[in-house]
Amino acid sequence: MSYLADVGALARKDLLLELRARETLPAMALFVISALVVFHFALPTGSSDLAAKGLLWVAIVFTALLGLGRAFVPEREQGVMDGLVLAPCDRSAIWLGKGIAVLGFLALVEVIALPAFAVFFSGVSGRTVAGVALADVGICAVGTFVAATAAASRTQELVLPLLFLPLAIPVVIGGVGASVAAGGGRYLGFLALYDAVFAIICWASFEYVVTE
Amino acid sequence: MAVAVALIAYYVPEDADQGLSQKIFYFHVPIALTAYACFGWGAWKALHHLWKRQPGADLESYVAIHQGVIFGALTLITGSIWARISWGVWWAWSSNQLVLFLVLFLFYSAYFMLRFSVEDGPQRANLCAVYALFGVVLIPVSFLAIRLANDFIHPTVFTSRGPQMAGSMFLTFCVAWAAMLALASTLYRVELAGKRIDARLRELRELLA
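From first to last, the protein sequence lines stand for chains A and B.
This note's numbering puts the first residue of the first sequence at 1, with every later residue one more than the last.
This note's numbering puts the first residue of the second sequence at 1, with every later residue one more than the last.
Errors might be hidden in some of the hints.
In silico SDA-like cross-links for lysine to any residue, where the CA-CA straight-line distance does not exceed 25 Å [stated by the list, open to error]:
#	chain 1	residue 1	chain 2	residue 2
1	A	Lys13	A	Met81
2	B	Lys52	A	Cys89
3	B	Lys52	A	Lys53
4	A	Lys53	B	Leu207
5	A	Lys13	A	Ser92
6	B	Lys52	A	Leu25
7	A	Lys53	B	Leu148
8	B	Lys195	B	Leu181
9	A	Lys53	A	Leu25
These are calculated hints, taken from the structure and not from any lab test.
Quantities reported herein were computed from a predicted structural model and do not represent experimental measurements.
Put together the whole structure using the sequences plus the hints.
Below, the structure is given as structure tokens:
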């Protein structure tokens, strides 16, 4: 139980910080709306809804990237990471707490983004929503892990997208498949598999990222 | 290696459909399999580093992945040439293996970016080792994803091309693969020896200074 309590405390810390500072969430929301507007002009008139659905996934991945770039900024700038690593809790709780907080941000942004997409382009099917929800879990699990890795690097802002995008390609494939292909169930299954596999290895190996 | 080249040049009968250009198969596929072997070996050494704290495993893992990326780049180039000759295009998204290699190539290139942007030390070794382990997990996941993606990008199922291999072709293929693996392991040893001498030299310099 104490593990869950640690995770809860860590996630609450990030959410509280965001409530007080209000930096990341408005930025992500504005970014995703601007991206959708840009995409509207990037698509020539008469192009299909399918193309727009694909671009929705581009918007989601890049918005997540924006949030992930900020995820470990307090830890880095104010030396919080050293304190967290010294604290008597399991190190993977740091990953899980941060991941939950990032997932919360991303889900809130999508609550804005999906209706906006439905208004600007075409309706959003239930399967797309399910795909987005499953993909969010994978994006946040892998993304938080990679963000922690990048935080150790001198060039964090440069390395994070490079590390994250190749890992996110399967998510995009699964997500686009779930929203456009005929038999979407298989793609949802694939997304769930991705979530499970990467969540387990992130959880198991996070300790090595923050310790020496 | 020389035997393999000789066999490819003189021994193997030309493919009925594709003629001479089919011979690139004996380079392309062994190179690709060797690249997988290098990535696997790198991940295995990374596991050694994390689990057993074996000194030097980090360097070995790095060198293996370095080899893997070189062979991966060669796979992309030879695959692209082959695609140009037999399908008429430089790049075919319908070829699962090529796309998978592109994803892996990007992934492992990011490995180098990570490695060169973190200060040398135990943390860098840890980060790189964990990332190398991610790579071997990404291979099957991406493969599955790319197989799935072909369904909606290319509705027609891509049937396997070419007939079953004849005995002489298979023999040549095996020799070519063995030669490629031998080449990779030789390069691996040379590179590793070089890096070790570098490290040793640096230690000695620090001692003297």
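- Distance restraint between A:Lys13 and A:Ser92, which requires alpha-carbon spacing of 25 Å or less: holds (16 Å)
- Taken at face value, is the distance from the CA of B:Leu207 to the CA of A:Lys53 at most 25 Å? violated (61 Å)
- Message: Can you confirm whether the C-alpha distance between A:Lys53 and A:Leu25 stays at or below 25 Å?
- Response: holds (23 Å)
- Quick one, are B:Lys195 and B:Leu181 close enough, alpha carbons at most 25 Å? Between B:Lys195 and B:Leu181 the Cα gap is close to 21 Å, so the pair holds against 25 Å.
- Query: CA of A:Lys53 to CA of B:Leu148, is that 25 Å or under?
  - Reply: Distance of about 17 Å is within 25 Å: holds.
- Holds or violated: B:Lys52 to A:Cys89, with C-alpha atoms at most 25 Å apart: Holds, because 23 Å separates the two Cα atoms, which is no more than 25 Å.
- Is the hinted pair A:Lys13 and A:Met81 satisfied, with a Cα-Cα distance of at most 25 Å? Holds, at about 13 Å.
- Message: Tell me if the straight-line CA distance from B:Lys52 to A:Lys53 falls inside 25 Å.
- Response: Given that 25 Å is the threshold and the Cα spacing comes to 47 Å, the pair is violated.
- Item | Agreement of B:Lys52 and A:Leu25 with the hint, judged by alpha carbon distance not exceeding 25 Å | Violated: B:Lys52 and A:Leu25 sit about 42 Å apart, past 25 Å.
Comparing the model with each numbered hint stated earlier shows that hints 3, 4 and 6 do not hold.
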